[in-house]
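Enquirer: Residue numbers (our numbering), protein chains in the order written: chain A, 1 to 290; chain B, 1 to 334.
If you're looking for bench data, these hints aren't it; they were derived computationally from the structure. Every residue, glycine too, gets a C-beta built ideally from N, C-alpha and C. A few of these clues could be false.
Said to hold, decoys possible - Footprint (simulated), chain B over chain A, 3 or more residues, beta carbon under 8 angstroms:
#1 41–54
#2 104–117
#3 126–136
#4 260–273
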Amino acid sequence: MFFTLLISGLVIGSIYGLIALGYSMIYKSSGLLSFMQGDIMTLGAFLGITFYSYAGLPFPVALLLVVLISIALGFAIEKGVIRPLLNKNTMAIYIVLATIAVSYIVQNGSMLVWGTITLNFPSIFGISTIKVGNISFQPEALMCIVVGFFCMFLLQIFMNKTRIGTSMRAASMDAMAAESCGIDVSLSTGLSWGLSAGLAAIAGMLIGPIYGVYTTLGATIGRKGFSSAVIGGYGNMYGAIVGGILLGLVETFGTSYVSSTYRNLIAYVLLLIFLLLKPTGIFNEKAIRS
Amino acid sequence: MDKTKKMNPLMLAVIAACIGLPFVFMGAPFILLILCYIEIYIIAVSGLDIVFGYCGQISLGHAAFYAIGAYGSVLLHKYYNVPVFFSMLIGAAIGAVIGAIVAYTCSNLVFHFLSLATQAVGEIVYILISHSPGNITGNFVGMYTDSVSIFGFKLDNQFKFYWFGLVCVLIFLALKQALINSRTGRAFMAIRENVKAADGMGIDVRMYKVKAFAMSAFYTAFAGALVTHMTKYASPDSFLYKQSVMFLTMLLFGGTGSLWGPIVGSISVLVINESLRDLQNLQMLVFGVLMLIVIIAIPGGIYGTAKEYYDNLKAKKSAGKTDAGTAVSEKKGV
Numbered sequence: 001m002f003f004t005l006l007i008s009g010l011v012i013g014s015i016y017g018l019i020a021l022g023y024s025m026i027y028k029s030s031g032l033l034s035f036m037q038g039d040i041m042t043l044g045a046f047l048g049i050t051f052y053s054y055a056g057l058p059f060p061v062a063l064l065l066v067v068l069i070s071i072a073l074g075f076a077i078e079k080g081v082i083r084p085l086l087n088k089n090t091m092a093i094y095i096v097l098a099t100i101a102v103s104y105i106v107q108n109g110s111m112l113v114w115g116t117i118t119l120n121f122p123s124i125f126g127i128s129t130i131k132v133g134n135i136s137f138q139p140e141a142l143m144c145i146v147v148g149f150f151c152m153f154l155l156q157i158f159m160n161k162t163r164i165g166t167s168m169r170a171a172s173m174d175a176m177a178a179e180s181c182g183i184d185v186s187l188s189t190g191l192s193w194g195l196s197a198g199l200a201a202i203a204g205m206l207i208g209p210i211y212g213v214y215t216t217l218g219a220t221i222g223r224k225g226f227s228s229a230v231i232g233g234y235g236n237m238y239g240a241i242v243g244g245i246l247l248g249l250v251e252t253f254g255t256s257y258v259s260s261t262y263r264n265l266i267a268y269v270l271l272l273i274f275l276l277l278k279p280t281g282i283f284n285e286k287a288i289r290s
Numbered sequence: 001m002d003k004t005k006k007m008n009p010l011m012l013a014v015i016a017a018c019i020g021l022p023f024v025f026m027g028a029p030f031i032l033l034i035l036c037y038i039e040i041y042i043i044a045v046s047g048l049d050i051v052f053g054y055c056g057q058i059s060l061g062h063a064a065f066y067a068i069g070a071y072g073s074v075l076l077h078k079y080y081n082v083p084v085f086f087s088m089l090i091g092a093a094i095g096a097v098i099g100a101i102v103a104y105t106c107s108n109l110v111f112h113f114l115s116l117a118t119q120a121v122g123e124i125v126y127i128l129i130s131h132s133p134g135n136i137t138g139n140f141v142g143m144y145t146d147s148v149s150i151f152g153f154k155l156d157n158q159f160k161f162y163w164f165g166l167v168c169v170l171i172f173l174a175l176k177q178a179l180i181n182s183r184t185g186r187a188f189m190a191i192r193e194n195v196k197a198a199d200g201m202g203i204d205v206r207m208y209k210v211k212a213f214a215m216s217a218f219y220t221a222f223a224g225a226l227v228t229h230m231t232k233y234a235s236p237d238s239f240l241y242k243q244s245v246m247f248l249t250m251l252l253f254g255g256t257g258s259l260w261g262p263i264v265g266s267i268s269v270l271v272i273n274e275s276l277r278d279l280q281n282l283q284m285l286v287f288g289v290l291m292l293i294v295i296i297a298i299p300g301g302i303y304g305t306a307k308e309y310y311d312n313l314k315a316k317k318s319a320g321k322t323d324a325g326t327a328v329s330e331k332k333g334v
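Only chain A is shown next, with the shape it has when bound in the complex (with noise of 0.2 angstroms):
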């Protein structure tokens, strides 16, 4: 039982914290909140069963494929609706309307070609469960934390040890002396916002197979990856992490153990305990200022 609960605990962790971590990078690069990272995760799941299973390709090259479509629409998002209101210096208000019609638009624009109802995402294994002694589980639960993790890994040699991520931490911290350096800006900017959508695909292809995919899978799970990243330190990378895995094990163990009703609950209440005490986030990130 308590295996059980903590590998679901991990496994929700991890896709809030994949997203939390697209939050992460898309305040520390624009210093923007985006509310489309659940719908772009929807997205993703119906784009992988698409080429998984109904176009019959290899589960790696349609993840691939999906992270890669993500990341252009993230850019293209970035490009053709962030950076013209940014252009017009108007309020930040219209921006965080602006990616909530996007979210609209994408919802409702995957509902409009899969349909309404639950799609099956196929096992990706070929076994339908793992026994390690009295434990079972399903192999795309383990796939699920595993590549959780080695994604925030990867990012976070990406964002430190490569010279597009240096660039793209140069362009958040200071805009102008990052420009004068000779880095392309506008570019770092765009990228984050494709890799912070491309980040959403993939927790939507590791959610789908265990959760089954439908239109609003991506909504409520985008909500709650704000409060992961809240609870973590809001532009923080490791934060995001951690604040996405505690608030999953929490969820999951609160749920098991005290009621079941109030599951929905957790997630904003947590949220509000750490905006109002804590702001700043486990991380102490000082992203956040008062």
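Given the structure of chain A, go ahead and fit chain B onto it with the hints provided.
Expert: Structure of chain B alone, referenced to chain A:
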């Protein structure tokens, strides 16, 4: 002087429409219903305008206050037999108190994080009304309630309700204008423009934020009470997160920080939304696309942009006159 003269025909047309439309559509209950909804949204969105348009504080959770007003009134009426009109006022007052509590605790949060906090408040209220302890709200099934009655006169159809709604709109809009033109309203705007400068001038920022949120919540909660007693039914579906987005969309469509912005916004968005209803599955998709187009093309909102255009035109005209004048005088000088 000139301006009031020019506004007069437009004002007359608005007054004529307010009085004439319900008679014209007396036989069309659906259109009457939409007119009533417009009134309700005008009150709710004007409330949001106080906190966002004037005080500059974002809320992505106004559906929470909408729900508190609605359920507050319905529950008071059901369990304590409070007459409907008074239960609405008490429901709105409860909304205001909760708005004040939210604002007091969140007063240190800036823009983006205030939007996350208010969004969380909206979700929490939604979860509480859909999973109420002891099933007092009827949860997802919802609950039926009575129509508004004033001194025993029941407003049991849309035509009667319309006039009650109209009176409410006028009172709330007049109150809003009085508030905005008062010391409090000026403090709100000072906070919107620059919090630090406002604080430096001796404005108690926290107290005014609390006031703005409380007023705003009162408006929206009252609108929520109105809508449930008009439809005589309350269910959690009307108080989802997308309702908060709807309020904000209406406000931004119309234009923030004005008397007419929320009115223009409520009417246009509601009419657009209703006319898209035939598209069924496409409705929200088209709505999203329209939203995006308006945000990118006219970020000042319809009323805001029209006003700016009109003002520019006037400025150009007067500038043209003086230009011509100076040119002539220069020629004479030569």
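Enquirer: Cut-off 8 angstroms, C-beta pairs, minimum 3 residues; does the coverage of the stretch 126–136 of chain A by chain B stand?
Expert: violated (count 0)
Enquirer: Verify this for me: three or more residues of the stretch 104–117 of chain A with a beta carbon less than 8 angstroms from a beta carbon of chain B.
Expert: holds (count 7)
Enquirer: At a Cβ distance under 8 angstroms, does chain B reach at least three residues of the stretch 41–54 of chain A?
Expert: violated (count 0)
Enquirer: Please verify the coverage claim for the stretch 260–273 of chain A: does it have three or more residues whose C-beta sits within 8 angstroms of some C-beta in chain B?
Expert: holds (count 8)
In this structure, the earlier hints numbered 1 and 3 are contradicted, and the remaining ones agree with it.
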